[in-house]
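Student: These are the residues of each chain, in order.
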Amino acid sequence: MTDRTTVHLEINGRAEALDIEPRVTLLDALREHLGLTGTKKGCAHGQCGACTVHVDGERVLACLTLAAQAEGRAVTTIEGLAGPNGELHPVQAAFLEYDAFQCGYCTPGQIMSAVACIREGHAGSDEEIREYMSGNLCRCGAYPHIVAAVRQAAEELTAQKQAAE
Amino acid sequence: MRDFSYHRAGSADEARRAATLPAAMLLAGGTTLLDLAKCGVTEPEQVIDISHLKGLDDIRVDAEGAYIGALARMSHVADDAGIRGQFPAVSEALWQAASQQIRNMATIGGNLMQRTRCAYFRDPATFPACNKRAPGSGCSAIGGVNRNHAILGTSGACIATYPGDLAVALTALDAMVHLGERSVAIDDFFLLPGGTPEKEHAIEPGEMITAITIPASPAARRSTYLKVRDRQSYEFAAASAAVGIELETDGRTIRDLRVALGGVATKPWRARAVEDALKGKALEPEAVRRASLLAVEGAANHGGNHYKIELAPRIVARAILNAGGAA
Chain A
1 MTDRTTVHLE INGRAEALDI EPRVTLLDAL REHLGLTGTK KGCAHGQCGA CTVHVDGERV
61 LACLTLAAQA EGRAVTTIEG LAGPNGELHP VQAAFLEYDA FQCGYCTPGQ IMSAVACIRE
121 GHAGSDEEIR EYMSGNLCRC GAYPHIVAAV RQAAEELTAQ KQAAE
Chain R
1 MRDFSYHRAG SADEARRAAT LPAAMLLAGG TTLLDLAKCG VTEPEQVIDI SHLKGLDDIR
61 VDAEGAYIGA LARMSHVADD AGIRGQFPAV SEALWQAASQ QIRNMATIGG NLMQRTRCAY
121 FRDPATFPAC NKRAPGSGCS AIGGVNRNHA ILGTSGACIA TYPGDLAVAL TALDAMVHLG
181 ERSVAIDDFF LLPGGTPEKE HAIEPGEMIT AITIPASPAA RRSTYLKVRD RQSYEFAAAS
241 AAVGIELETD GRTIRDLRVA LGGVATKPWR ARAVEDALKG KALEPEAVRR ASLLAVEGAA
301 NHGGNHYKIE LAPRIVARAI LNAGGAA
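These protein sequence lines map, in sequence, to chains A and R.
Heads up: the first sequence begins at 1 in our numbering, then just goes up one per residue.
Heads up: the second sequence begins at 1 in our numbering, then just goes up one per residue.
Worth flagging that the hints you see were computed from the coordinates, not collected in a lab.
All residues carry an ideal CB built from backbone N, CA and C; glycine is no exception.
Each hint should be verified, as a subset may be incorrect.
Said to hold, decoys possible - Non-contacting residues of chain R with respect to chain A, defined by C-beta distances greater than 10 Å in every case (computed):
| no. | residue |
| --- | --- |
| 1 | G30 |
| 2 | L34 |
| 3 | D35 |
| 4 | L53 |
| 5 | D79 |
| 6 | A98 |
| 7 | N104 |
| 8 | S137 |
| 9 | K199 |
| 10 | A202 |
| 11 | P285 |
| 12 | L311 |
| 13 | G325 |
To be verified - Covered by chain R, per the in silico footprint, the following chain A stretches (three or more residues, Cβ under 8 Å):
| no. | region |
| --- | --- |
| 14 | 9 to 23 |
| 15 | 33 to 47 |
| 16 | 61 to 69 |
| 17 | 100 to 107 |
To be verified - Looking from chain R toward chain A, a few residues come up when the C-beta cut is under 7 Å (computed):
| no. | residue |
| --- | --- |
| 18 | T31 |
| 19 | S51 |
| 20 | I59 |
| 21 | M105 |
| 22 | H201 |
Given only the sequences and the hints, what does the whole structure look like? Please build it.
Tutor: Structure representation (structure tokens):
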């Protein structure tokens, strides 16, 4: 006998209701039940960061979060990052400009992690970026370009914020 | 991962009662519980979610010390200005642990409850023998690949290394673990494996960590956490040391010293022999290096982990000299 439960989620500003088993992770809810396949499944054990999403604005691992735990919280995935007219987020644009990927599988997780890293104030130097992005592995080894992209985006976002103040 | 029923607790008392049921487990950040459930190591039938409970995530620092609620997140404690100012070793141990994603999820109570686990423990399909998983079944690490296993506090039943960082800093700084109606000194909260490696914490069914407190002290204010590992970040310690130091007004005589080790023992390892050998002595590199050798008194070499016997005292000495400003 399998328990099922109704979970109400808010994904990228949209309300969703899912009838799922309690053991379903947020990652599987996104990919298998909602068709949001931008969030990737790498190791499924919290070791690679490919499944990084934001919950209430903070980066977390969707593979180690139960969908039920995300009820009542705002979830943002890579699909929710671009502007309403499709204009890329500055971190997305920087990844393109700096060619910060090879195969691209880790990229959605890298970008979600980088957006939060900059917002946390942990992107002040290359050394700090490497430390605070260490939960996102890139098997292709695109790290130097990823660090350059995050640094560029951090500078741009900081300048934008200062101009707005 | 086997299926389970899911219940969101309405209060801490309700959660504690619910968790006394057989095969029921509390869920906070979930970073260890879900990992071990996916590995088939932990098979809860009921999961009691406490992550939404209000009022258990306060972080307060005053002249007496720090109060950290059990549901405070690792990242929030690491970045707290009071913790960074009064207990730097705690902040440093936290930001050098896991990854920022995991630190945003994992709670302080859950961090203390994380299992002492080795690669054999996490892989029941390939290695059925594990005294921690199945008491009496044997230990695959003894005589196996044990480069990361413990040199201190081991038994014939288990040599798994305590993997955490935070508790090492808390052990050096004499923190207390609060379990609702009673409190336990951190050094007594973690148990040696002995003949019962499956029991790792001095906590009973029906109890739940509600908070930890850390007493303020000059040594806590002047503390540091040094962690060395095979890769620079997001890796368990090959060896680590939490050190707090207080110097006399002459600026060189050691008045108070706290030393604890991580990455080398079956529990967070207080090195009182090092402390006693150096208290009242001058902070002098050669004397510190000599005294630091006492940190590995009684260490056991299991074959792959012999390097830790040489590494750990060096880390202790470096951390003492760093904290004292003599490096």
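Student: Decide, hint by hint, whether the structure agrees.
Tutor: We went through each hint and held it up to the structure:
With 10 Å as the threshold on Cβ separation, the claim that G30 of chain R sits away from chain A is violated: the shortest Cβ distance comes to roughly 6 Å. The Cβ of L34 of chain R sits about 5 Å from the closest Cβ of chain A, inside the 10 Å cut-off, so the non-interface label is violated. A Cβ of chain A approaches the Cβ of D35 of chain R within 10 Å, the least distance being about 5 Å, so the stated non-interface status is violated. Against the 10 Å criterion, L53 of chain R stays outside the reach of chain A, whose nearest CB is about 12 Å from its own CB.
For D79 of chain R, the requirement that its beta carbon stay farther than 10 Å from each beta carbon of chain A is not met, with the minimum near 8 Å. Consistency note on A98 of chain R: stated as away from chain A, yet its beta-carbon is not over 10 Å from all of that chain's, at 7 Å minimum. Listed as outside the interface, N104 of chain R is inconsistent with that label: its C-beta sits roughly 5 Å from the nearest C-beta of chain A, within the 10 Å cut-off. Interface exclusion of S137 of chain R from chain A stands, the closest Cβ pair being 24 Å apart, more than 10 Å.
Against the 10 Å criterion, K199 of chain R stays outside the reach of chain A, whose nearest CB is about 25 Å from its own CB. The claim that A202 of chain R is not at the interface with chain A holds, since no C-beta of that chain comes within 10 Å of its own (minimum 27 Å). P285 of chain R, annotated as away from the interface, keeps every beta carbon of chain A farther than 10 Å; the closest lies near 27 Å. Against chain A, the non-interface label of L311 of chain R holds: every CB pair exceeds 10 Å, the least being about 22 Å.
Once the 10 Å rule is applied to beta carbons, G325 of chain R is consistent with being away from chain A; the minimum gap is 22 Å. Counting residues of the region 9 to 23 of chain A whose CB lies closer than 8 Å to any CB of chain R gives 3, so the stated coverage by that chain holds, three being the minimum. Requiring three or more residues with a Cβ within less than 8 Å of a Cβ of chain R, the coverage given for the region 33 to 47 of chain A holds, as 3 such residues are present. Figure legend: the region 61 to 69 of chain A, annotated as covered by chain R; annotation consistent (7 residues with Cβ-Cβ distances under 8 Å, at least 3 required).
A count of 0 residues in the region 100 to 107 of chain A with a Cβ less than 8 Å from any Cβ of chain R is obtained; the coverage claim is therefore unmet, three being the minimum. A distance limit of 7 Å between C-beta atoms decides the matter here; for T31 of chain R the minimum to chain A is near 5 Å, and the interface restraint holds. This hint holds: S51 of chain R has a C-beta 6 Å from the nearest C-beta of chain A, less than the 7 Å allowed. Interface hint status for I59 of chain R: violated, as the beta-carbon distance to the closest one in chain A is roughly 16 Å, over 7 Å.
Residue-level restraint check for M105 of chain R holds (minimum Cβ-Cβ distance to chain A is 5 Å; threshold 7 Å). With a least beta-carbon distance of about 21 Å to chain A, the hint placing H201 of chain R at the interface is violated under the 7 Å criterion.
When held up to the earlier numbered hints, the structure conflicts with 1, 2, 3, 5, 6, 7, 17, 20, 22 and fits the remainder.
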